[in-house]
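Student: Residue numbers (this note's numbering), protein chains in the order written: chain A, 1 to 381; chain B, 382 to 1010.
By construction, these hints were calculated from the structure, which means they are not laboratory data. Owing to the predicted nature of the structure, the values given are computational and were not obtained by experimental measurement. Incorrect hints may have been included.
Label pairs and their calculated CB-CB ranges [what the hints assert, rightly or not]: (1) B/His-956 to A/His-224: 53 to 61 Å; (2) A/Val-98 to B/Ser-680: 40 to 48 Å; (3) B/Arg-816 to A/His-224: 46 to 54 Å; (4) B/Pro-884 to A/Val-98: 57 to 65 Å; (5) B/Gln-599 to A/Lys-52: 40 to 48 Å; (6) A/Thr-161 to B/Tyr-422: 39 to 47 Å.
The calculated SDA-like cross-link candidates involving lysine to any residue, where the alpha carbons are at most 25 Å apart (straight line), are [said to hold, decoys possible]: (7) B/Lys-626 to B/His-581; (8) A/Lys-220 to B/Pro-873; (9) A/Lys-255 to B/Lys-393.
Computed list of chain B residues with no C-beta within reach of chain A, every gap over 10 Å [stated by the list, open to error]: (10) Ala-395; (11) Val-409; (12) Ser-468; (13) Thr-470; (14) Arg-473; (15) Ala-476; (16) Glu-686; (17) Glu-726; (18) Tyr-835; (19) Thr-852.
Heads up, the beta-carbon is just placed ideally off N, CA and C, and yes, glycines get one too.
So you can see what is in the structure, the chains are spelled out below.
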Amino acid sequence: MSGTFDRTLSTTDVMRRRASLLQRMHIDGLLLLLLLLLAAGSLFVLYSAGGKNVELLLKQATSYGIGLGAMLVIAQLEPRFMARWVPLGYLAVVALLVAVEFVGYTAMGATRWISIPGVIRFQPSEFMKIIMPMTIAWYLSARALPPSIKHTIISLGLILTPFVLILKQPDLGTSLLVLVSGAFVLFIAGLRWRWILSAVAALVPIAVAMWYFVLHNYQKQRVHTFLDPESDPLGTGWNIIQSKAAIGSGGVFGKGWLLGTQSHLDFLPESHTDFIIAVLAEEFGLVGVCLLLLVYLLLITRGLVITVQAQTLFGKLLAGALTMTFFVYVFINIGMVSGLLPVVGVPLPFISFGGTSLVTLLSGFGVLMSIHTHRKWIAQV
Amino acid sequence: MSQPIPLKDHEKDARLVRQRVIVGGVMVLLLIGVLIARLYYLQVIQYEHHSTLSENNRVHVQPVPPNRGLIFDRNGKIIADNRPSFSLTVTRERAGDWRKTLDTVVEVLELSSEERELFEKRVLQGRRPFEPVPIMYELSEEQIARIAVDQFRMPGVEVAAQLVRHYPEGEHFAHSVGYVGRINEAELKQLDPVNYSGTHHIGKTGIERFYEDSLHGQVGYEEVETNARGRVLRVLKRTDPIPGKDLTLTLDLELQQAAEAALAGRRGAVVALQPKTGEVLAMVSQPSFDPNLFVTGISFKAYGELRDSIDRPLFNRVLRGLYPPGSTIKPMMAVAGLDTGVVTENSRVFDPGFFQLPNVKHKYRNWNRGGDGWVDLETAIMRSNDTYFYDLAHKMGIDRMHDYMSRFGLGQRVALDMFEETAGLMPSRDWKRARYRQAWYPGETVILGIGQGYMQATPLQLAQATALMATHGKWIRPHLAKSIEGEMPVDPQPMPDIQLRDPSYWDASINGMVQVLHGARGTAKKVGDTAAYRIAGKSGTAQVVAIKQGEKYDSGKLAERHRDHALFVAFAPVHDPQIAVAVMVENGESGSGVAAPVAKQVMDAWLLNEAGELKAEYAPALTAEAPKR
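Start from the sequences, fold in the hints, and give me the full structure.
Tutor: As structure tokens, this is what we get:
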């Protein structure tokens, strides 16, 4: 916190007067509060969804601990520092993704992991969820806005390279989130509406032409089951039919904690991971889900406020993209479980069981906190 | 505010970002609205519906298996259909202690402990939760009644009606159409678990196996509501299965029966092809077995009897029987000899009754010990002269012989859609080096000239090689499926046609084959004399036990099962070949005496009308010149 930047009003003075303890620790109080609320909610729902499995809760609590730790560490880093190192980080993660292609560890039919036996095993694609918006934000923040056609194309190249690599693993859920997180930077940067609309307009006839002239019947069938899982009720559709029954039978107020029948009688697969919202909806009803959505909405609002208040373009673009991507997580997961969207493996942020996604998400919020708490003219707020 | 003057574009950028953030915020609100609307729809509007489903707690998706496609012969006569049958099913999840329930079933139906074991094995093969697993098929009326009376003691046990494969023609098509049987554990791992979720049978052999994908169809499903005891209360939603495709065979039921009759109870094989189309008209392997036994699970005892029978009814002689082709290969050797130029139509060889390699003492005997004197190509085929073909083979050499015989389909799988087919063996230098780590000896080439030695062929390969003679080398793989719901089967790897330097070589060799039946000294003259049309054919014998040098084959001394197999290949009518036949009679000894009459009877059945005359459509056209031969 050196005062070299501000000549007339000493930054340190301002900080002393205005900055609370939390701010000096680079923590955003509201975000932290909401996140802790979600953590409590997650353990609460998970106790029921996981069949009263205490071990599962301990694991999730540990993941939360690690994630919050990572968030706090990241919040201490200055955005400028991030911007300096992000190109290198991007190249490193892309290199790891290429490495996955050749020497990756395969499990459950997908090659997603880099494994150093006995030391560590991790998914490089998870890093990309944070690195991707940073990279595009870094690239565009140094150019004139709205981005010119040249810079748009370069950005798309930067987005599509890891997207394709992750898609090939195959990991549709993660690759889509990576794509979306990069695309949101372009959107926030003011990508011209004309281009957005013409891209959409061009995609429609291409898709139609593909459908009629390129795709084989069995491929069409696959697309069909993907878009309409209920047409395959013995495979993917089974989950959706059961999760819809779980959600619907919850009604307005729900059946009560630990009283959900669908999930407790093993009718609902993956009830503690991707489909956990169905358990919540069954046991706490529409009210419960709306409360959860309210918490999410508050998080998103705070994120958007941080975006507007960010003082560097890099910070603005990054904060905006991270917030919007977070919302996409929520929307895809709930949309998928309630039968609105195709089934892609996306967990419900902060509620679903799973350490990797928690750490990644919390790191993202660490970046938000860093952007917000490293502002120079804090007095203006 | 005493700040450095903000750059202009910075303010513009901030404004731009703020606009986009507002747009984004609005989108977020809209989409959250969509989610809430969706949840409202599910949880409030459809609450009753979902609540009922959940309360009864059993929204159940159960597969509806598709009906298996039917199989017809070329004239639309049914060869395989589906027949309703009652079976006993157990749903493990509803049976309480299901092992105890099985005990009750065994007690009520008074069954043995072996069957109890079998039931247990079958129940454990269940794949999905709440799946009713059939444990017993073809319940009798009495058994159904007994189950009904004691139903209350057997929770989760139900009598279900289902369609089961049935072969009305019994053993006639066991070796071509094959049969379906219960899916076993190894197959289970290979299958698409969704599409086979309601299916308990799968094609095990023959056409049933080869066209499994087409015959099976696409599974349908029912979303049903069941009570706590598992009874279906109502169907909420149903998607019909797509039935399997019907398949029309190239086989002709009547010809098949005629061919079996022609074998007159002897063990053997008959294949009849339509040379121009590659369609298999008849495919007989005798003795055969009743495929219906395998559909619902054959008893160990009955299976043991079939498996251990000395007559080997389960053995598919047409596709898996390997025999040295013997003299039946001579017409093809002649074509190869002409095309390589080692013989001409008029070149002659003197036969003293044996052939000797230069500077080797060993004598390769002609079957006619006295020798035939000077023989040319046509005579050599007509008389089945071994010496001529020893000489031809020696001049041609193994490499060229391997090349030509391979083009006739020997040593490789020739059929398009026959699962069990074996490749047979057409030896070569490379094969011998790999197999025995030995060099090729010239003597081995010599005996290959008369189809002995390492060479091994199936009756189907012999029929195809003969059909190639009939079509002058036009390759169409023999196939059993004429059409699958109107679609013709496609050959993914067509064989190249056999092109000769001079197409007249075909007729030179065929003339020899015609002389076999119609020449004054033809080996099968007796059969040719009775024919109402002209036949081109060739007999052969396949040795079962080797004869030592200098020893004479004496059938009287040999046990019946050690006698030579009789072979005959033929096609007819010569002017416009409609049918090519290969016959193998096990231990029949004489190709021309035993196998040739069988072949003729099969051709008669196909070519003659009721009055015993050549059918009008096969008769030579009036404008065509009279047959010269």
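Student: Run through the hints listed earlier and report the numbers of any the structure violates, in increasing order.
Tutor: 2, 9, 10 and 11
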